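There are 2 protein chains.
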Amino acid sequence: MYPDSLKDVIEGFRYFPGVGEKTAERLAFSILELDEEKVSSFAEALKTAKNKLHPCKICHNLTDKDTCDICANKLRDKTLLCVVEDPKSVFLFERLGTYNGLYHVLDGLISPMDGVNPEDIGIDKLLTRIKDNHFKEIILAVKPSIEGETTSLYIKKILEGLDLTVSKIASGIPMGADMEYIDAMTLERALNDRKNIE
Amino acid sequence: MYPDSLKDVIEGFRYFPGVGEKTAERLAFSILELDEEKVSSFAEALKTAKNKLHPCKICHNLTDKDTCDICANKLRDKTLLCVVEDPKSVFLFERLGTYNGLYHVLDGLISPMDGVNPEDIGIDKLLTRIKDNHFKEIILAVKPSIEGETTSLYIKKILEGLDLTVSKIASGIPMGADMEYIDAMTLERALNDRKNIE
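Protein chains in written order, with my numbering: chain A, 13 to 210; chain B, 13 to 210.
To be clear, the hints were calculated from the coordinates, so they are not data collected in a lab.
Among the hints, erroneous ones may be present.
Treat identical chains as interchangeable: a pair holds within one or across any two.
Within a straight-line C-alpha distance of at most 25 Å, the following computed SDA-like cross-link-like pairs (lysine to any residue) qualify [claimed, not checked]:
{"id": "1", "residue 1": "Lys137", "residue 2": "Leu171"}
{"id": "2", "residue 1": "Lys59", "residue 2": "Glu192"}
{"id": "3", "residue 1": "Lys59", "residue 2": "Asp20"}
{"id": "4", "residue 1": "Lys169", "residue 2": "Asp195"}
{"id": "5", "residue 1": "Lys34", "residue 2": "Glu106"}
{"id": "6", "residue 1": "Lys34", "residue 2": "Thr110"}
{"id": "7", "residue 1": "Lys59", "residue 2": "Val31"}
{"id": "8", "residue 1": "Lys19", "residue 2": "Ala36"}
{"id": "9", "residue 1": "Lys169", "residue 2": "Asp136"}
{"id": "10", "residue 1": "Lys86", "residue 2": "Gly113"}
{"id": "11", "residue 1": "Lys59", "residue 2": "Leu44"}
{"id": "12", "residue 1": "Lys180", "residue 2": "Val128"}
{"id": "13", "residue 1": "Lys137", "residue 2": "Ser123"}
This one's a predicted model, so the numbers in the text were calculated from it and none came from an experiment.
Please build the complete structure, drawing on both the sequences and the hints.
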């Protein structure tokens, strides 16, 4: 029904997760409105990124250099390591501008139900890195879900006996949220993790 | 904050209307999960589509050929002309599989408020086409809005005196809609355009 060249673009957009048929069509149609130059530079950017982006050899964060900017930065606090589940999380924390330690990026979370075991998410590399360096604190910053909890507990366990603090970012009611829309698990967690007001 | 090559892809996605920063980031990150081959074929598809797609010289529908498949199809009813506001509408009607006439694609709708006048949307070409052919009926199939109504009325007026029927697709309550969510204008239109039950 569509011209072949349009069909190919629609199909291309469908490769992206979360892009359904209608969205792919809408995006494809909109290339008609874009400058030829923009379409062409976008196409090049896609290929370049796919070729150049790779995990940092130290922390597995996404980089187009040999070592990522964070690992290469001599001003970062080398005693603090924040463990996250994907490269995107690194950028979320970096955006805050307040954390000055290092990161370690896992390849997802442990999920026995889906057959994802510790070795699948690179926990061996995390352990090697921790043993080879002098961190004082490991901050577990994965999402609060069954998989996140399992991963945190597993890491906590394998680090037992090492001379360092293992902490976990707080989970609870998000700022500005309406209490009535908070799910029961979050509410329970917020209640259990309550803090004295000082 | 992001590696340069990733930043370029995010920026590229932002060119597309309706793609905000978060969506652009999500889409850009997901190219890491895609096969290199898919990314590359998508990039090529974008450039090819941008180069090859153009308006059909007869109906202004989108095509990568000289004349679009619909205009080139000898089996279509040459006495029926459906006027739509964009190429996408053609595909929406074609998907139904029940309309067998021809189309004419306008370049949007008349909107004096936005400075869009009849000559801006190619109504002169529509008129020329109608005068040069032997249509029996012109079906106006633009969206029911102030702009759509203005455009329909304008076309109806300039076709006065020609020996043909000018019709307009029905507007009213969509099938399956909950009455309580229907806006007042639609409800009023549905009431005014009521039909006897036969």
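The hints, checked one at a time:
| no. | hint | verdict |
| --- | --- | --- |
| 1 | Lys137 x Leu171 | within (13 Å within a copy, 75 Å between copies) |
| 2 | Lys59 x Glu192 | neither (46 Å within a copy, 49 Å between copies) |
| 3 | Lys59 x Asp20 | both (17 Å within a copy, 11 Å between copies) |
| 4 | Lys169 x Asp195 | neither (29 Å within a copy, 59 Å between copies) |
| 5 | Lys34 x Glu106 | between (34 Å within a copy, 16 Å between copies) |
| 6 | Lys34 x Thr110 | between (40 Å within a copy, 21 Å between copies) |
| 7 | Lys59 x Val31 | both (19 Å within a copy, 20 Å between copies) |
| 8 | Lys19 x Ala36 | both (10 Å within a copy, 22 Å between copies) |
| 9 | Lys169 x Asp136 | within (13 Å within a copy, 76 Å between copies) |
| 10 | Lys86 x Gly113 | within (11 Å within a copy, 70 Å between copies) |
| 11 | Lys59 x Leu44 | both (21 Å within a copy, 11 Å between copies) |
| 12 | Lys180 x Val128 | within (21 Å within a copy, 58 Å between copies) |
| 13 | Lys137 x Ser123 | within (18 Å within a copy, 62 Å between copies) |
Violation of the numbered hints given earlier is confined to hints 2, 4; the remaining hints are satisfied by the structure.
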